[in-house]
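> In case you want the letters, here they are:
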Amino acid sequence: MQSCKLVKLVSLSGRYCSIYSVTNLDSEHDTLLDRFIDENVNSFKSETKELVSRLHTIGHKTGARLQFFKEHEGKPGDGVCALYDMEVRNLRLYCIRYGTQLVIVGGGGYKPKNIRALQEDEKLKKENYFLRELSAKLTERIKNKEIWFSDDDLDFIGNLTFNKDED
Amino acid sequence: MKKDSISSLDRLLQEITPEEQEKTNAKMLLAAKIADAMAAKGWNNKMLMKAMGKKNASEITRWLSGTHNFTMDTLIDLSRVLDTNFLNIEKKELPVQHFKISVVSYSSKKWSAATTMNEPGELYTSFDESFFISNNESKGN
Numbered sequence: 007m008q009s010c011k012l013v014k015l016v017s018l019s020g021r022y023c024s025i026y027s028v029t030n031l032d033s034e035h036d037t038l039l040d041r042f043i044d045e046n047v048n049s050f051k052s053e054t055k056e057l058v059s060r061l062h063t064i065g066h067k068t069g070a071r072l073q074f075f076k077e078h079e080g081k082p083g084d085g086v087c088a089l090y091d092m093e094v095r096n097l098r099l100y101c102i103r104y105g106t107q108l109v110i111v112g113g114g115g116y117k118p119k120n121i122r123a124l125q126e127d128e129k130l131k132k133e134n135y136f137l138r139e140l141s142a143k144l145t146e147r148i149k150n151k152e153i154w155f156s157d158d159d160l161d162f163i164g165n166l167t168f169n170k171d172e173d
Numbered sequence: 002m003k004k005d006s007i008s009s010l011d012r013l014l015q016e017i018t019p020e021e022q023e024k025t026n027a028k029m030l031l032a033a034k035i036a037d038a039m040a041a042k043g044w045n046n047k048m049l050m051k052a053m054g055k056k057n058a059s060e061i062t063r064w065l066s067g068t069h070n071f072t073m074d075t076l077i078d079l080s081r082v083l084d085t086n087f088l089n090i091e092k093k094e095l096p097v098q099h100f101k102i103s104v105v106s107y108s109s110k111k112w113s114a115a116t117t118m119n120e121p122g123e124l125y126t127s128f129d130e131s132f133f134i135s136n137n138e139s140k141g142n
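Taken in sequence, the protein lines are chains A and B. Position in the first sequence (first residue = 1) + 6 = this note's numbering. Position in the second sequence (first residue = 1) + 1 = this note's numbering.
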């Protein structure tokens, strides 16, 4: 896994849920969500806007209720899921969900209609497997008490930087 | 890293109008209200599917995803089967306003007065000579 850091997206986070993304320390993009926007905003403008708008609603109005996400996009119990866009659902935005109060937004992309499993598309597979790996490392740090949750469960506290090739 | 410029996220957020955000909020809050009503009845997606006469459970998943544009017919049916009002179209009863009026002077010339408050509840008051006569008479008694 490349060196990266969890960062809170203040403009999307609210009293119901904190939205985090991942800064890839080797990339020119600010966060994985910024990169997702850059990659899709020209071809799927309304869908991309809808996804960001939905994240804003999750942060400020509803919290990350399970019903808004497509579950089981990762390994059992790792919290990796996908956020729906509009009903036509061209895009997949992969996330890790921790209850209704914390979401880590990763990358994603266009899911062609002719594939069923994300593994059939290299781009989706790469984005999804990165979050699976991040989820595993995060779980390990939570177990080791290097990362913990704030009293109101709205923040990660501790060492949020992950170095390349660390165990 | 584009540290000095506005992020792509913030740029896109600026493009989302308050009206667009309001629509997203409404759709997701409605979906949440439907899920809460289902939970109150102990229903899962399949039970709602049957109650609504649907044959595909994925339709219920779509309703609950907060992306769906509901028709009025569907909302009426959902309100009925889930015993919850998802429309809120009932006419709101105006609150009763109690106030006292003191008569400081009286003229036998016929006149009337009206006041309107442009506030929620819209208080409209009118009175004419007969009011003062009866009020005066009751005072005299």
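No lab work stands behind these hints, which were simulated from the structure alone. Fair warning: there could be bad hints in the mix.
[Said to hold, decoys possible] When the alpha-carbon atoms are kept at most 25 Å apart in a straight line, the in silico DSS-like pairs for lysine-lysine are as follows: (1) K101(B) x K34(B); (2) K76(A) x K129(A); (3) K92(B) x K76(A); (4) K67(A) x K34(B); (5) K76(A) x K34(B).
[To be verified] Derived coverage of chain B by chain A (criterion: at least 3 residues anywhere in the stretch with Cβ under 8 Å from a Cβ of chain A; other residues may be distant): (6) 7-16; (7) 72-82.
This one's a predicted model, so the numbers in the text were calculated from it and none came from an experiment. Just so it is clear, CB atoms sit at the ideal spot from N, CA and C, and this is done for glycine as well.
> Please list, smallest to largest, the hint numbers that this structure does not respect.
1, 3, 7
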